[in-house]
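Each chain, letter by letter, is given below.
There are 2 protein chains.
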Amino acid sequence: MRWVRIEYNGEPVHGIIEGDNIALTSGNLFENPQKTGKTVPLAGAKLLVPIVPVTFYAAGLNYLEHVLEQAKAKGKEPNIPPKPDIGYRANNALIAHDEAIVIPKDATQRTEYEAEIVAIIGKKAKNLTKENALSCVFGYTIGNDFSERTWQGGDRTLWRAKNTDTFKPMGPWIETDVDLDSLETTVRVNGKETIRFATNKMLFDIPTYIAAITKYVTLYPGDMIWMGTEGHSPELKAGDVCEIEISGIGVLSNPITREQ
Amino acid sequence: MRWVRIEYNGEPVHGIIEGDNIALTSGNLFENPQKTGKTVPLAGAKLLVPIVPVTFYAAGLNYLEHVLEQAKAKGKEPNIPPKPDIGYRANNALIAHDEAIVIPKDATQRTEYEAEIVAIIGKKAKNLTKENALSCVFGYTIGNDFSERTWQGGDRTLWRAKNTDTFKPMGPWIETDVDLDSLETTVRVNGKETIRFATNKMLFDIPTYIAAITKYVTLYPGDMIWMGTEGHSPELKAGDVCEIEISGIGVLSNPITREQ
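Heads up: the sequence lines are chains A and B, in that order. Residue numbering for the first sequence follows our numbering, beginning at 1 and increasing consecutively. Residue numbering for the second sequence follows our numbering, beginning at 1 and increasing consecutively.
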């Protein structure tokens, strides 16, 4: 099942994709969503970010080639994480499918995509094990952990490198029926493929992260975990369009602009 | 004016402290709060965290002695931040005045308080200057950035060191009428004073942080910025009570327990 969040009469509304239409729902998405009986065409609907989380978790360095290439770019020895220490991103930076990433005037040219699968939490969870970790997951979407690498290397924290307004595209919707091991992530810049990788070939997979997190931290419905990316991105510039496809989920596409 | 958030008939409700009573309100706290006409006694009211933010900002290293003493504890040269790079904390960790901090079973003894003033954002804000930065601030409360120093030093991120459930006490309420330069922060452990410092004597003050943040990031009503702490805490253990007072705001008190 695919859940979207759209703007309808000026308000955010969740709905279920049924063929070419969206069946609108009311009630809490994670508790008691009910179809209202209204439908709108999917084509032309204004898609919103599918969820605004209570807490925005991000795994960071979680694919081997990405760790090696990030180290190489910095001229440092690679530091492969020995355990799943989770990180964070910020809600101000979220934008939806088709919305524009806006690179600030004073950013450098070193702006890059990071293609990620996102796990959306549907149930309150504490002290899960690897075996039952996925029981708290409602579904999956796609995230672009867009990054300014000069700021990432020079600032004391990742704040503007990762969390500048518009730097976190997410969507287009939440897919609830997913076979993680069969997924493939593909990125295209201006229609040309730049990378393709097995989505689930992580250093620490989703159950491992959820088990580690929930030893100390309660996850809540609407929280989400961005799971990191593989490989290395070319530098992206104003005028480019970045598409991230995860097979079985969908395509997240965002044009890139620069602040005037 | 002092704004509290309390549990009333099982729901969170904002109210204004009037003498020994709380005048309950309805409507959005930052847009159109209206007194409902109902009052309840302040004594015995179940105080909640005064706000759950959209984004939880934290300044980190922002007082000189704290930077020096943290470096000394690690046996490293102090690294005084050259500019205001903001950090983040997580909502799962928030607890209210009088609620218990629970130290996990496997934490070390190196658990410490950090006494902080918290700026609560009341208006959407982008591209503010130092001169007009405080125009977006609704009021101020008190935060305890409780930390497990062994995890802080050893993990790749600050996640469990700073964001374990219950590690972020905040309250007791939001004070809207504050003269920042006159404030003094005092901490008492089991009634005995452990530190006293000028609250506003920061490396980068609140207007400087807000101006820097809003160059790249939009602040939203309900966001909050924890401004960092001064000095060094003794190790806290189960059975201790930690009180943080900021003159003109109030006292945030929390007992400390250990997970069984």
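Worth flagging that the hints you see were computed from the coordinates, not collected in a lab. Only a predicted model underlies this, so the values are computations on that prediction, with no experimental measurement involved. We put the beta carbon where it would ideally sit given N, CA and C, even for glycine. Careful: at least some of the hints might be erroneous.
Far from chain A by the CB rule (all over 12 Å, computed), these chain B residues [claimed, not checked]: (1) 68; (2) 130; (3) 156.
Heads up, simulated EDC-like pairs for lysine to aspartate or glutamate below, C-alpha to C-alpha not over 16 Å straight-line [what the hints assert, rightly or not]: (4) A:215 x B:181; (5) B:201 x B:165; (6) B:215 x A:235; (7) B:215 x A:112; (8) B:124 x A:77; (9) A:126 x B:112; (10) A:215 x B:165; (11) A:124 x B:259; (12) A:123 x A:18; (13) B:126 x A:112; (14) B:76 x B:65; (15) B:74 x B:18; (16) B:38 x B:18; (17) A:74 x A:112; (18) B:237 x B:259; (19) A:215 x B:106; (20) A:83 x B:155; (21) A:192 x A:155; (22) A:38 x A:69; (23) B:130 x B:193; (24) B:38 x B:7; (25) A:46 x A:99; (26) A:192 x A:235; (27) A:124 x A:31; (28) A:46 x A:106; (29) B:215 x A:99; (30) A:201 x A:181; (31) B:83 x A:184; (32) A:215 x B:155; (33) A:126 x B:165; (34) B:192 x B:155; (35) B:126 x A:259; (36) B:215 x A:106; (37) B:201 x B:175; (38) A:38 x A:20; (39) A:130 x A:205; (40) A:201 x A:184.
Fill in: 16 Å limit on alpha-carbon distance, applied to hinted pair residue 126 of chain B and residue 112 of chain A
Distance ~24 Å between residue 126 of chain B and residue 112 of chain A Cα, so the pair is violated.
Discussion item. Next pair to validate is residue 126 of chain B with residue 259 of chain A; report whether the Cα-Cα distance is within 16 Å.
Written reply: holds (14 Å)
Fill in: Satisfaction of hint between residue 7 of chain B and residue 38 of chain B, Cα-Cα up to 16 Å
Holds, because 14 Å separates the two Cα atoms, which is no more than 16 Å.
Worksheet entry | Hint consistency between residue 38 of chain A and residue 69 of chain A [alpha-carbon to alpha-carbon, up to 16 Å] | violated (49 Å)
Item to complete: Decide if the proposed pair is consistent with the structure: residue 215 of chain A and residue 106 of chain B, CA atoms, cutoff 16 Å inclusive.
Response: holds (10 Å)
Worksheet item: Is residue 215 of chain B close enough to residue 99 of chain A, meaning Cα to Cα at most 16 Å?
Response: Not satisfied, since the Cα-Cα distance of roughly 20 Å exceeds 16 Å.
Worksheet item: Regarding the pair residue 215 of chain A and residue 155 of chain B, is the alpha-carbon distance no greater than 16 Å?
Response: holds (15 Å)
Worksheet item: Once the closest CB in chain A is found, is it more than 12 Å from residue 68 of chain B?
Response: holds (16 Å)
Worksheet item: Is the straight-line distance between the alpha-carbon of residue 76 of chain B and that of residue 65 of chain B 16 Å or less?
Response: holds (14 Å)
Fill in: 16 Å limit on alpha-carbon distance, applied to hinted pair residue 192 of chain A and residue 235 of chain A
holds (14 Å)
Worksheet item: When you check the alpha-carbon spacing of residue 215 of chain B and residue 106 of chain A, does it fall within 16 Å?
Response: Within the cut-off at roughly 10 Å; holds.
Discussion item. So if I understand the rule, the pair passes when the alpha-carbon distance is 16 Å or less; does residue 46 of chain A with residue 106 of chain A pass?
Written reply: violated (31 Å)
Comparing the model with each numbered hint stated earlier shows that hints 3, 4, 5, 6, 7, 8, 9, 11, 12, 13, 15, 21, 22, 23, 28, 29, 31, 34 and 37 do not hold.
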